[in-house]
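Enquirer: Chain by chain, the residues:
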Amino acid sequence: MQTMPDSQTPAITARGLVKSFGAVRAVDGIDLDVPRGTIFGLLGPNGAGKTTLLRMLATLLKPDAGSAQLAGHDLLAAPHEVRKAISLTGQFASLDEDLTGRENLILLARLWGFRGRAAARADQLLEAFELTDAARRQVKDYSGGMRRRLDIAASLVVTPSVLFLDEPTTGLDPNARQSVWRMIRALAAEGVTILLTTQYLEEADQLAARIAVIDHGRKIAEGTSRELKAATGSGYLHVTLADPARIEAAARLLEERLGGEAQRNVEGAALSIKAGSPQEANAALAALVASGIPLDGFSMAAPTLDEVFFALTGHGAAPAPATGEPE
Amino acid sequence: MKPALTTTVVQVERPAVPGALSNALAFGWRAVLKFKHVPEQMFDLVMTPLMFTLLFTFVFGGALAGSTENYVHFLLPGILVQTVVFNSVYSGMGLSTDLGKGLFDRFRSLPIWSLAPFAGLMVGDVLRHLIAALIILGVGMALGYRPGTGFAGVLAALVLLIAIGFGVGWVFLVLGLVMRTPNTVMTLGFTGIMPLVFASNIMVDPGTMPDWLRVFVDVNPVSRMTTAMRGLMNGGATWGAIGLALLTPALLTVTLAPLTLWLYRRR
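Each protein sequence line maps, in turn, to chains A and B.
In terms of numbering that gives the first Met the number 0, the first sequence has 182 at position 183, counting the first letter as 1, and numbering is strictly consecutive.
In terms of numbering that gives the first Met the number 0, the second sequence has 136 at position 137, counting the first letter as 1, and numbering is strictly consecutive.
Just to be clear, a hint being listed does not mean it is correct.
What the hints assert, rightly or not - Straight-line Cα separation of at most 27 Å, BS3-like style, residue types lysine-lysine; simulated pairs: (1) Lys83/A / Lys61/A; (2) Lys35/B / Lys139/A; (3) Lys100/B / Lys83/A; (4) Lys33/B / Lys139/A.
Hint data in this document are derived by calculation from the structure and do not stem from the laboratory.
All chains should be modelled from the sequences, with the hints used to inform the complete structure.
Expert: Below, the structure is given as structure tokens:
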């Protein structure tokens with residue numbers, strides 16, 4: 000496609016990016032390599048530095064140190080060229096609430112140079128994002144899902160080489176989330192490189208070819224979803240005990256059977272532990288029952304973000320202390 | 000959404016990059032749309048000066064100037080200055096609101112002339128100043144005001160008024176960029192403006208004021224603006240008075256416009 004640089008150029012390369020707010024190093028030396036046409040996920044809890052990293056790459060924040068190339072343009076030397084190649088959909092809908100959905104898109108189309116064709120372009124986007132019926136309503140009357148769709152449409156007035164999506168589905172109901180996921184996949188299929196941040200392992204797993212796990216401004220792991228899961232176990236066994244007093248005995252038994260360390264939730268009388276396979280989990284449960292520890296319930300589930308963090312860092316995905324700055 | 004539509008959406012031909020003027024016009028269009036969608040903003044802008052006009056004219060007018068007609072003749076040009084200065088606070092609040100909602104993040108990540116959003120704010124300001132001034136002028140004329148210099152004088156006064164609004168506007172754009180909430184902009188703005196508007200020659204002749212206050216009133220930029228406006232609308236304007244009225248707006252523009260830009264780019 001004419002808007003894209005040649006296929007050899009990676010969409011994003013970043014080296015040693017650093018950004019501090021006061022004493023807090025929000026981004027503390029991050030490298031990224033994102034090949035063209037892929038979806039890349041930044042996974043981490045609130046305050047990990049994901050948004051700061053995204054804002055630096057989108058030319059909104061100047062890095063304290065480090066360098067980056069986007070679609071072949073240098074972030075620091077040629078920010079205007081970078082802006083021509085990127086689009087940002089922020090965490091909070093960056094729309095004018097007083098204007099209608101259609102007017103918001105016409106404004107952006109005019110800013111991109113569509114002139115006389117701006118309204119036609121807006122209508123095309125509204126139709127594609129199923130907003131035609133709401134086109135002439137003010138954005139302040141839109142639902143969360145409609146806002147999100149309009150916000151993403153606003154990022155596609157011209158096709159960017161790189162699309163940044165900051166927590167694209169946070170606060171959306173499951174239906175709206177599915178529809179945003181479908182849209183993101185369709186865009187990637189058209190060759191748009193997408194860098195998205197998320198707090199949900201499931202979202203990164205569903206969408207991203209590669210995932211970088213971010214904690215306290217650093218990249219603590221990177222790989223495909225499969226590779227990350229290999230590090231965290233294919234699934235987690237969750238057990239609720241009938242008798243909270245037996246939690247230590249149960250934890251030790253599970254650890255002995257399954258290896259690794261069990262996360263103890265003493266108040267809930269619950270345990271979570273990495274299980275290699277359902278068969279091993281089954282055997283561990285049988286051993287619990289055989290040793291006379293009664294169960295209230297159990298389940299087997301894919302690891303949550305918290306469990307991935309526990310496996311990678313030894314601590315949960317607790318949000319970093321507030322810095323007074325947006326993430 | 001349907002994948003087929005995605006293709007039509009994504010495979011769009013990129014238009015030529017528009018120039019600075021085109022960018023500015025697009026933001027000007029946004030400012031005009033705001034009037035269409037939020038007409039009640041005019042209510043906020045016009046209410047205070049309207050109440051001042053009615054209150055002062057009917058309550059104090061007779062005592063201060065012999066008759067309400069005489070007083071409205073004295074008061075109206077200054078009330079227009081007050082209106083424009085108050086309006087500027089609202090424009091700073093609007094900027095602060097936009098910044099808080101992340102709207103400017105999108106604008107700043109676009110390959111556009113970085114000043115274009117401010118050009119749009121200016122267009123909105125000029126429109127607000129003009130509409131508010133015309134409403135106040137209309138009410139004044141209903142109360143018996145007649146501009147001594149006729150249509151040409153009023154036109155010149157409106158031009159001066161917009162220049163004043165442009166200059167004063169920078170103060171509140173800076174506040175809008177620095178303060179975290181629109182409410183802080185409003186509180187700070189009005190706290191600064193109130194003494195300037197009252198300790199001026201808008202409502203009364205400073206002749207009866209104590210000496211120390213008269214010194215302040217004489218150097219108060221609001222007084223100088225009012226004097227020039229009175230001259231242009233009622234007669235007796237001098238280039239010197241107009242120059243003095245424009246001095247503060249010019250100084251504010253020269254110092255605060257670069258500061259505004261710097262603050263905006265630094266965010």
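Enquirer: Quick one: which hint numbers does this structure break? Sort them smallest to largest.
Expert: As far as the earlier hints go, not one is violated by this structure.
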